[in-house]
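S.K.: The residues making up each chain are set out below.
4 protein chains.
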Amino acid sequence: MRSIGIGVIGAGVMGAEHARIIAREVSGAHLAAVADADPARAEAAAHGGRAMTDPEALIADPSVEAVLIASPDATHQRLVLAAIAAGKPVLCEKPLAVTTQDCLEIVVAETRAGRRLVQTGFMRRFDPTYRELKATLEGGTLGGVRILHCQHRNAAAPTWFTGEMAITNSLVHEIDVCRWLLSTEYRTVTVTPFLSSDPKTSDPSLFLFETDDGSLVSIELFMNAAYGYHVHAEAVCERGTVGMAHPAPVRIRREGSQSGGYPENWIPRFRDAYRIQNQAWVDGIHNGVPAVDGASAWDGLVATCLAEQIIEAKATRQRTTLKLPHNPSVEAFS
Amino acid sequence: MRSIGIGVIGAGVMGAEHARIIAREVSGAHLAAVADADPARAEAAAHGGRAMTDPEALIADPSVEAVLIASPDATHQRLVLAAIAAGKPVLCEKPLAVTTQDCLEIVVAETRAGRRLVQTGFMRRFDPTYRELKATLEGGTLGGVRILHCQHRNAAAPTWFTGEMAITNSLVHEIDVCRWLLSTEYRTVTVTPFLSSDPKTSDPSLFLFETDDGSLVSIELFMNAAYGYHVHAEAVCERGTVGMAHPAPVRIRREGSQSGGYPENWIPRFRDAYRIQNQAWVDGIHNGVPAVDGASAWDGLVATCLAEQIIEAKATRQRTTLKLPHNPSVEAFS
Amino acid sequence: MRSIGIGVIGAGVMGAEHARIIAREVSGAHLAAVADADPARAEAAAHGGRAMTDPEALIADPSVEAVLIASPDATHQRLVLAAIAAGKPVLCEKPLAVTTQDCLEIVVAETRAGRRLVQTGFMRRFDPTYRELKATLEGGTLGGVRILHCQHRNAAAPTWFTGEMAITNSLVHEIDVCRWLLSTEYRTVTVTPFLSSDPKTSDPSLFLFETDDGSLVSIELFMNAAYGYHVHAEAVCERGTVGMAHPAPVRIRREGSQSGGYPENWIPRFRDAYRIQNQAWVDGIHNGVPAVDGASAWDGLVATCLAEQIIEAKATRQRTTLKLPHNPSVEAFS
Amino acid sequence: MRSIGIGVIGAGVMGAEHARIIAREVSGAHLAAVADADPARAEAAAHGGRAMTDPEALIADPSVEAVLIASPDATHQRLVLAAIAAGKPVLCEKPLAVTTQDCLEIVVAETRAGRRLVQTGFMRRFDPTYRELKATLEGGTLGGVRILHCQHRNAAAPTWFTGEMAITNSLVHEIDVCRWLLSTEYRTVTVTPFLSSDPKTSDPSLFLFETDDGSLVSIELFMNAAYGYHVHAEAVCERGTVGMAHPAPVRIRREGSQSGGYPENWIPRFRDAYRIQNQAWVDGIHNGVPAVDGASAWDGLVATCLAEQIIEAKATRQRTTLKLPHNPSVEAFS
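Protein chains in written order, with our numbering: chain A, 1357 to 1690; chain B, 1357 to 1690; chain C, 1357 to 1690; chain D, 1357 to 1690.
Excised from the complex, chain A in its bound form (with noise of 0.2 Å):
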């Protein structure tokens, strides 16, 4: 099996991190080249590759083969645009664009493009434990889900974070692996924000959808959860129920108490999930089909779709509708 050449777009936190993983923890590929606007930044996450500052340059550079955006997100939408018109396979990290126009836009170029060429970087889908929770799902022993209970608490937002961010980059990420874990849609949303004096930071919300299939999904988004990143969920079906574990390995015992740990924030907790994804992405190039579970182009859509429906329902605090648009794409990929 030969070995695919991948570039990476954007060597900040993330980028340097899916640079790390494709040049020394996945098989079957190696890392090309990697761009950035700062030539120091590429160069030190370029792990003897090529470092360079334009994208598109780095898009078309033939030893190049399959692309990895891990840019600001205003740039997502363009470099999607451009892997596309070079056919090559691009993995986005989300959001696939900032609007729903924007996404909708690349979904009909892929579906132009007559082939799956777009995964959106949803990578809780590969995340063992989310993983776990479909399986027991799907395995059938606990019957049709009724609720799925969803916390996602960040230690603590930046100060310039707003509750629209917190929406459209955090969120997002439980609106994709919900709706991947009961296999349905959303029909309606209900914000309840917790107000406090300062309105700014009406945090923590919660968030209560029903599904086309009947069961409800409560999400509490907590962005200054303060003990840690913690990323929950728990399935209540006819039979009985199944959530997550402790993430951490081990107990220590000490001054009073047992103790699990919790990681500062998502990239410990998602190490294995990042290494899977892309791993997934490289072999199902070699294999001309899509990763199994990974989120598509208008996998990406729904999620910005749904995220601006969702700002407005915050803002009204009612019971709101949820609709998305036509998906061009469905005939062409089923």
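Treat the hints as calculated values from the structure; they're not laboratory data. The beta carbon of each residue, even a glycine, is placed where N, CA and C say it ideally should be. Among the hints, a few may not be true.
As the list claims (entries may be wrong) - Here are the simulated distance ranges between beta carbons: (1) A:LYS1679 to B:THR1544: 24 to 30 Å; (2) C:HIS1588 to D:ARG1471: 46 to 52 Å; (3) C:MET1521 to D:ARG1595: 48 to 54 Å; (4) B:ARG1595 to C:PRO1395: 47 to 53 Å; (5) C:MET1521 to B:ARG1358: 39 to 45 Å.
Place chains B, C and D on chain A using the hints.
M.R.: Showing chains B, C and D alone in chain A's frame:
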């Protein structure tokens, strides 16, 4: 310290359990009499005390110095009023009475009597786990509460159980214990039931409350959760969370897994709570002051009054403002 | 049911706790008197009962129908014999007496009295967690026990504590509760201490027992475990295991981890066990038969007798055969 | 970075798994060839690489730059020596060789070759849970180790398994990983088997080691633990403990209990460990230095040499001093 003679009214499952607790586990009291319409059932529960069929004769009996009511719900109000009229302390199983107006008459009668005679049997306030939760919240290390997540799960509801009964018989425990935990009142409620093909059994339901101090209380009520009886609460605070541990004292490894059991129903789960509640009630009679943390007649009214409004809010699925009448006892007992 | 007058001898930490339990938490009994050489201490523990300084006067007092001994170890034998001579039931804190010979004299005296009057205060037999462990083992689903792993950990031993005292004061609890759990006797012991640079503090130590039914009992005794008071047992059986869950009722998430607390010492850990033991003792007096599962005088002798041999085995570090004297009570009480 | 051609010898359960890991999950290497006496089995495991029947031809093949040995134990020594003679790095499944003398010949040969070519496949050193345990111990917050408690439990041993094989095949993992965790050597061992009516199956057994730094290592080896495959370790230190959490990522509530599963055997439990070990081995070849924490040929010898002595100590049930030969590689590789 002399022993107080207790009369128990009702010798069904809970009445017999209360009689056993008074006779066998409570210090400073003895079981003077048990009344039940079925004389054999009264006799079986009397532990050597008198067995009677007429509850009003029991209340009037000189050997009965305090009354514990565990008869059918519809009889509560009349019997509590009779105990007040007799000047005898009374511990009444929930609900205190089946309508707000009936509860209000009790509050008025007790206020006129000029001293606290009524305790409503919300035994969760005496459960060691709930008390540890409240002590942690009040200890202050976690900061203010943002969200209180609760689950109330029964293994299976009787076939004659209705959605209304789930609220008036089960949710009332959550209504009471959460406002006691948070020391606040509810301002609004939104009810979102799971909508099955059979609309009678809209089970489970989610109840979302906003409180006067801004926090959110999210309660799952699932009367047919299948796997066992399970009551859980987790408070999410500014600087951390506190939640209930699994209630079983041992873990068994067998046939491929490690497991901890759940009880079949509320009696083993809250056995300690009932004993501690009844001891605190007896201690309060000795001391001439109500049990610390005991639910008052007013607390009983609040639960019944809110249950009525929550039943209406469930029908509309709308965010509904909750209201309480004037508390006539507030100046008398402060 | 009439109330039995209890006299408590000793008003130190454990004596005062026993007096409180009798006065406030046990049904069918009252605290008639407390004796302590320090009259102020006796008074403080008496809960309105009589305060005395002479333990023999307490035993002789007609208001005292049963005696609970929590005085210094060296006084136990004399006081137990006095209670037997007075024909009054006696619950004696461990150790029953400080030498095998002294214990044997108690067993002989009780046998001559012709009825069971003595219960040794091995309260772990009444701890709900140990009882659930035993019930699981006897339920039979796990098959025969192969190994019983135990840990006994104190946060810190007093500076005057010796390795011998660790055996006579702490290990005796393990000696008793494990033979009660397994319903067997020990055949051999091998002691392996941690050997520090300071030979006085050979702490922790491992004690390995072989029993008559072939199973192994492995006990870690750590008097300076630093993190808290922690008693744990896990039985490894033919078809599975059963072990103790973490004892705390809540879990706190704060500062990077989720934790469950340990108590500082044995009193909160075994509060329920003491209450249930004392209630069972009182119930036994009412019923005229010893408390089910209560440790007899012979059980008290076994613990003292084995502790003596284990101290010798620790010095040699050799596998040592354990022996018990003839039990003179075995025909009398069967 | 160029890709290293790996040859895998043996295509049984473990060999096929190693071949899959090299072919599909390891970066910087590819599966060049698989050799097995059964050509169909070799073919099935080759993932498109060459399938061979002669292991020595595989070692000699120019496309094979490094060798991974997973053939029957008795062949290990000859094949490792052949790889050393060919100057090719070799990763050999445990045991390195079946006698101390055979291991010693490997150590001598490697020493003569003048560079580290041999890694013994003690994969637990790369398991994330064991690594977290070691990192915690070395972090220093818990102080020195006093006792290391370990359990090694298999669901069921094959019928042809003997007590000796339990030591040479299973206990060797514990022998290696515990001395790696503690960075010390064993000084004595005492073996205490459960003695059943059938003396052949003296299972489980307890192994108690004293180490050079004074700590105690207590290992339970239970080849027929029935409930699943379960490896556990807890280090008891001066200021606290650290132990392994339950390995499953989810908890299921069903039929009266909450449970977390155990794997059937070691492959799912140590899947990550094998992958990380093999990646570290490949990275080491690229870097020209042995994998950090990789078990050396000497480590392989120590495990085999101690297993021989432990088998004798089990027969005597006596505390036995453990000895190691002079390490001829100690000056060469330091």
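S.K.: Now, for every hint given, state plainly whether the structure supports it.
M.R.: Checked hints:
1. A:LYS1679 to B:THR1544: 24 to 30 Å: At 27 Å between Cβs, range holds.
2. C:HIS1588 to D:ARG1471: 46 to 52 Å: This hint holds: roughly 48 Å between Cβ atoms.
3. C:MET1521 to D:ARG1595: 48 to 54 Å: violated, 23 Å
4. B:ARG1595 to C:PRO1395: 47 to 53 Å: holds, 49 Å
5. C:MET1521 to B:ARG1358: 39 to 45 Å: At 43 Å between Cβs, range holds.
Going through the hint list in order, the structure does not satisfy hint 3, though it satisfies all others.
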